[in-house]
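Undergrad: Take the sequences, apply the hints, and build the full model.
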Amino acid sequence: MSLHLSYRAAPGNPWFSWQYVRDNSDTILAALREHTWLTARAVLIAALVALPLAVAAYWFRSLAGPIVALTGVLYTVPSLALFAFLAPYLGIGAITVLTVVALYALLVIVRNALAGLNQVPPEVREAAEGMGYGRWGRLFRIELPLALPGILTGVRLATVSTVALVTVGVVVGRGGLGQLIFAGFQNNFYKAEIMTGTVLCVLLALVLDLILAGVGRLLTPWLRGRNS
Amino acid sequence: MNPVQQAVVWLNDPLNWTNPGGILDRLGEHLSMSALAVLLGCLVAWPIGLWLGHSGRGGGLVLLVSNVTLAIPTLALLTILPLTFLGFGRPAVVVALAVFAVPPLLANAYTGVRQADPEARDAARGMGLSGGQVLRRVELPLAVPYLAAGFRTAAVQVVATAALASFVNGGGLGQIIRAGFGLDIAAGGGQIVAGGVLVAGLSLLVEGVLALVERAVTPRPLRRARRAANRRAADATAGA
Chain F
1 MSLHLSYRAA PGNPWFSWQY VRDNSDTILA ALREHTWLTA RAVLIAALVA
51 LPLAVAAYWF RSLAGPIVAL TGVLYTVPSL ALFAFLAPYL GIGAITVLTV
101 VALYALLVIV RNALAGLNQV PPEVREAAEG MGYGRWGRLF RIELPLALPG
151 ILTGVRLATV STVALVTVGV VVGRGGLGQL IFAGFQNNFY KAEIMTGTVL
201 CVLLALVLDL ILAGVGRLLT PWLRGRNS
Chain B
1 MNPVQQAVVW LNDPLNWTNP GGILDRLGEH LSMSALAVLL GCLVAWPIGL
51 WLGHSGRGGG LVLLVSNVTL AIPTLALLTI LPLTFLGFGR PAVVVALAVF
101 AVPPLLANAY TGVRQADPEA RDAARGMGLS GGQVLRRVEL PLAVPYLAAG
151 FRTAAVQVVA TAALASFVNG GGLGQIIRAG FGLDIAAGGG QIVAGGVLVA
201 GLSLLVEGVL ALVERAVTPR PLRRARRAAN RRAADATAGA
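Residue numbers (full-length UniProt numbering), protein chains in the order written: chain F, 1 to 228; chain B, 1 to 240.
Check before you lean on any hint, since a few could be wrong.
For the chain F half of the interface with chain B, some residues (derived, Cβ under 7 Å), not all of them [stated by the list, open to error]:
hint, residue
1, Ile28
2, Thr76
3, Pro78
4, Ala81
5, Phe85
6, Ile92
7, Ser161
8, Val171
9, Gly178
10, Ile181
11, Phe185
12, Lys191
13, Thr198
14, Val202
15, Leu203
16, Ala205
If you want the ones that stay clear, here's a sample from chain F, every Cβ over 10 Å from chain B, calculated [unchecked claim]:
hint, residue
17, Arg22
18, Gly137
19, Leu144
20, Ala213
21, Arg224
None of these hints come from the bench; they were simulated from the model.
Because the structure is a prediction, the values reported are computed rather than measured.
Built from N, CA and C at the ideal position, the CB exists for glycine as well.
TA: Right under this line is the structure:
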């Protein structure tokens, strides 16, 4: 209850309050850490599952239709409904949040990776074949590097939307910064708490996006000259 | 009894449908909120998108709007808007949902006008049509398939997002899920799953219906052209 006292210490109900941030830095940092950690794990898991799926859809054209259609249908299902389906089985906690957000990230990455792979020009593929590359050699030496920009776009999109989506996890008690937003709402619309959570969310998305953009530049040195 | 059986039992109770705050009430709230939000989104996004596409400016702006809204958590917007002059209640929720409808509507309106055949535009200019007339009589009809595609994306997204209005007691089908989570997970499990089925079912239904509408408003020749283009793209990638 001592927290509530410090909430009231700021006069009125300002949008920003340094006093709130100072007094509750522990809570805020814990929420931020949880949010970052959930996002990072979700995107990592999603990427590890999505890439083999995209490659499978790329190699076997009969699989491409069903995979793309299934991801489309799953993407239509609202996040809250997905929480509703999984929570009774996975329980209340981080596992459920992780599963839901990873699933959405997965869909975005699969779609973009497949588009990136499909953009590899047929001449390039034939040239690689003529040089004696096998299916795996071609995939790792030629096709994946060429599809890298598309894959990275997918990962970046997935990361930004995952940061926003994690907040919905408050419904099962693990929302990271969403916890702050929701607590502020319940705590008589305590604006400073809501805004702190929101601003940190957007900043986190921005920072992660910039990091991934930097990683992308490092991984695709051959594109650098072309862009500038 | 597992949660799915519980959900079936819950859905089979007629009182859960007809009671005040029951499924039918929530469905009505959900649909009216979504419809208003999409309408508001169209009123804002289409004129801006069409004009930007017509004047050929603002491509960067469209991209920026899409990217920024991706990063803002829905929950935050639903929580913040009631604290502004909109006040606590339905208008704030509708505006929050409309914000998420704007990017697909805007981007598709912009692209729809930009992709209009430049020769058709020049021909219309040559016939003495003014800028506004070119937009209204040439570019707008040609953009209709894109507008329809954007409308579909926006509407489905809004119906899906409206489930989150329940966080701020805004009503809608999400309220059933939230009420279930409010109970113990063992007691509310059935209601949680039942709410999930309803919300997911409604989204898929809206998606399906609007897909048919989109097909209907795409002129037949364009439909065939698009399919042929898709097939060419698929063939080009079938090298392996």
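Undergrad: Each hint: holds or not?
TA: Verification of the hints:
A hinted interface residue such as F:Ile28 counts as satisfied when its beta carbon comes closer than 7 Å to some beta carbon of chain B; here the least separation is about 15 Å, so the hint is violated. The closest approach between the C-beta of F:Thr76 and any C-beta of chain B is roughly 5 Å, which is under the 7 Å cut-off, so the hint is satisfied. About 4 Å separates the beta-carbon of F:Pro78 from the nearest beta-carbon of chain B, less than 7 Å, and the hint is met. With 7 Å as the threshold, the beta carbon of F:Ala81 comes within range of chain B, its nearest partner Cβ sitting at about 4 Å, so the hint holds.
Against a cut-off of 7 Å between C-beta atoms, the interface hint on F:Phe85 holds, since the closest Cβ of chain B lies about 5 Å away. For F:Ile92, the interface hint holds, the least distance from its beta-carbon to any beta-carbon of chain B being 6 Å, beneath 7 Å. The restraint placing F:Ser161 at the interface with chain B holds, with a minimum CB-CB distance near 5 Å, inside the 7 Å limit. For F:Val171, the interface hint holds, the least distance from its beta-carbon to any beta-carbon of chain B being 6 Å, beneath 7 Å.
Taking 7 Å as the C-beta cut-off, the interface hint given for F:Gly178 holds, the closest approach to chain B being about 6 Å. Interface hint at F:Ile181: satisfied, since its Cβ lies 5 Å from the closest Cβ of chain B, which is below the 7 Å cut-off. Hint status for F:Phe185: holds, given a least beta-carbon distance of 5 Å to chain B, under 7 Å. Because the beta carbon of F:Lys191 sits about 6 Å from the nearest beta carbon in chain B, less than 7 Å, this interface hint is met.
Given hint, F:Thr198 at the interface with chain B, holds; its Cβ is 4 Å from that chain's nearest Cβ, closer than 7 Å. At about 5 Å, the closest approach between the beta carbon of F:Val202 and any beta carbon in chain B falls short of 7 Å, and the interface hint on this residue holds. Here the hint on F:Leu203 is broken, as its CB sits about 9 Å from the closest CB of chain B, past 7 Å. Look at F:Ala205: its Cβ gets to within about 4 Å of chain B, closer than 7 Å, so that hint holds up.
For F:Arg22, the shortest C-beta to C-beta distance to chain B comes to about 22 Å, beyond the 10 Å cut-off, and the non-interface label holds. Every C-beta of chain B lies more than 10 Å from that of F:Gly137, the closest at about 13 Å, which supports listing it as non-interface. At the 10 Å boundary, the C-beta of F:Leu144 stays outside the reach of chain B, the nearest C-beta of that chain being 14 Å off. Remark: the non-interface label on F:Ala213 is consistent with the geometry, its nearest Cβ contact in chain B lying 12 Å away (cut-off 10 Å).
Annotated as non-interface, F:Arg224 keeps its C-beta farther than 10 Å from every C-beta of chain B; the closest such distance is 21 Å.
Hint compliance for this structure: hints 1 and 15 are broken, all remaining hints hold.
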